[in-house]
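S.K.: Sequence:
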Amino acid sequence: MYPEHTPHPPAQRAVEVHQPTPYQPVAAPVVPVQPGTVPAVASIVLPDGRVVTGYAINPAQPEPAAAKPAVSRTAVNVALGGGGFLAVCGGLILLTSFIAALTAFITQLITLAAVIFGGWIAVQIFSTRGHQGGTTVNIRKAVFKRNRFHG
1 MYPEHTPHPP
11 AQRAVEVHQP
21 TPYQPVAAPV
31 VPVQPGTVPA
41 VASIVLPDGR
51 VVTGYAINPA
61 QPEPAAAKPA
71 VSRTAVNVAL
81 GGGGFLAVCG
91 GLILLTSFIA
101 ALTAFITQLI
111 TLAAVIFGGW
121 IAVQIFSTRG
131 HQGGTTVNIR
141 KAVFKRNRFH
151 G
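In this text, residue positions in the sequence shown follow the numbering used here: the first is 1, and each later residue adds one.
Across the chosen pairs, the derived CB separations fall in these ranges:
no. : residue 1 : residue 2 : range
1   : 122       : 97        : 33 to 41 Å
2   : 45        : 73        : 53 to 61 Å
3   : 88        : 120       : 41 to 49 Å
4   : 18        : 43        : 32 to 40 Å
5   : 101       : 68        : 48 to 56 Å
6   : 120       : 93        : 36 to 44 Å
Hints listed in this document are in silico derivations from the structure and should not be mistaken for laboratory results.
The beta carbon of each residue, even a glycine, is placed where N, CA and C say it ideally should be.
All chains, please: the whole structure from these sequences, using the hints.
M.R.: Printed below as a string of structure tokens:
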């Protein structure tokens, strides 16, 4: 009927009452301290008349907040970004100027080559190699009959 780990039924158990033991103050050992380094001692009187004595503890001082810079970081980043953009634009202007100059140079080279090559061709056509004196022109009457040439 009762679980096996229960030694006695609830009615047969003995009731034990524990009384708190009063606190007996113990004298703290005295530690020799050099004069001039003893911190201030504070005493507090509690409402029931007891006096509590102890060392005064200075409240913890929060660390001073970091001073804000005169200019915000966002403003500095925007200014630096603008400076970088201007540097890139300057480089792009130089690049486009270089490309335009290179294009003009190549155009001039092509024109020079055409003039030189055209002059060479003209000399080849109008030169009189092997002919001394006038020009000989042979004109023949050509006759085509049924897709055959008769000269």
